[in-house]
Amino acid sequence: MGLSAALLLYFNGRVAGMSGLLAGLLRPVKGDIAWRLWFLGGLAIGAVAMMLLRPSSFESSLVRSSGAVVLAGVLVGFGTRLGNGCTSGHGLCGIARLSKRSIAATMTFIAAGALTVVAVRQIFGGVV
Amino acid sequence: MKINAVSFAAGLLFAVGLALAGMGQPSTVVGFLDFFGNWNPSLALLMMAGIPVAMIAHRLSLRRPAPVFADQFPAPSTRIDAPLLAGAAIFGVGWGLAGICPGPALLALAAGLKNGVLLVVGMIAGILLFNLYDRRSPTRQRDETGDQSGLQPHSGV
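Order-wise, the sequence lines are chains C and S. Residue numbers for the first sequence follow this note's numbering, beginning at 1 and rising by one. Residue numbers for the second sequence follow this note's numbering, beginning at 1001 and rising by one.
In short, the hints are calculated from the structure, not lab data. Virtual Cβ for every residue (Gly too), placed ideally from N, Cα, C. Be aware that a few hints might be false.
[Said to hold, decoys possible] So the derived label-pair ranges between C-beta atoms look like this: (1) C:Val-118 <-> S:Met-1001: 46 to 52 angstroms; (2) S:Ala-1082 <-> C:Pro-55: 38 to 44 angstroms; (3) C:Ser-61 <-> S:Ile-1080: 17 to 23 angstroms; (4) S:Phe-1036 <-> C:Leu-53: 46 to 52 angstroms.
Given only the sequences and the hints, what does the whole structure look like? Please build it.
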């Protein structure tokens, strides 16, 4: 993953931030679309390859209702735009660039995530 | 174009990296966030392996006036403000809830998983919601990816 981010930065001058990448497709700016699609194309092929070659990569014991997953998605979508990045943008790339913003953001979303895990367990008994 | 080839390669590596590191498994992610329970260090190990490599590229890029195939590197930003922290917190809640963040969501979608579809649908809704909110009261002009929407021409492609 470090190599992926390295290539994108050194050759293309882009931060490998998935939330920004996706958002840039939803509010597209001419000339700024193709590279995102090519990245997603590579990602998709990689995903299919891994599903075929190593399906255990996707085996998960976490059970969540569809409603919870959609809600999670809304929070992820909104939060990453407001906060200008996610685990790849801030956590990987931002920290690699020693960005104070990214370090602060990463600490915050990890803390929020940890508290959420506790809350789901304590308030809902782990079932949502 | 070379930029597109690099993007494709980066996307492929990204997917493989995510899958190998266990990020295709929401239980692994929630396990990492479960500091007070059964802690799964996988995500920490991923960061510890990935960050140094990305850091090397960053250091190397400081020696260049521009990326190899593009016009400019992303501009650094330092101001830690309320939108950043609030956004990170909201994102963190969603992440802790389903154990899926944007990259893995796209991975899961491409792999044909139901939760991938659901999360991406939710994510798109969330982004569109934000775009509506942002139109009324813009939070900032610049994207961490280096885009400066409306301020200057874009690099790449």
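We went through each hint and held it up to the structure:
1. C:Val-118 <-> S:Met-1001: 46 to 52 angstroms: Since C:Val-118 and S:Met-1001 have Cβ atoms about 47 angstroms apart, the given range 46 to 52 angstroms holds.
2. S:Ala-1082 <-> C:Pro-55: 38 to 44 angstroms: holds (43 angstroms)
3. C:Ser-61 <-> S:Ile-1080: 17 to 23 angstroms: violated (36 angstroms)
4. S:Phe-1036 <-> C:Leu-53: 46 to 52 angstroms: violated (35 angstroms)
In the structure shown, a violation is registered for the earlier hints numbered 3, 4, in ascending order.
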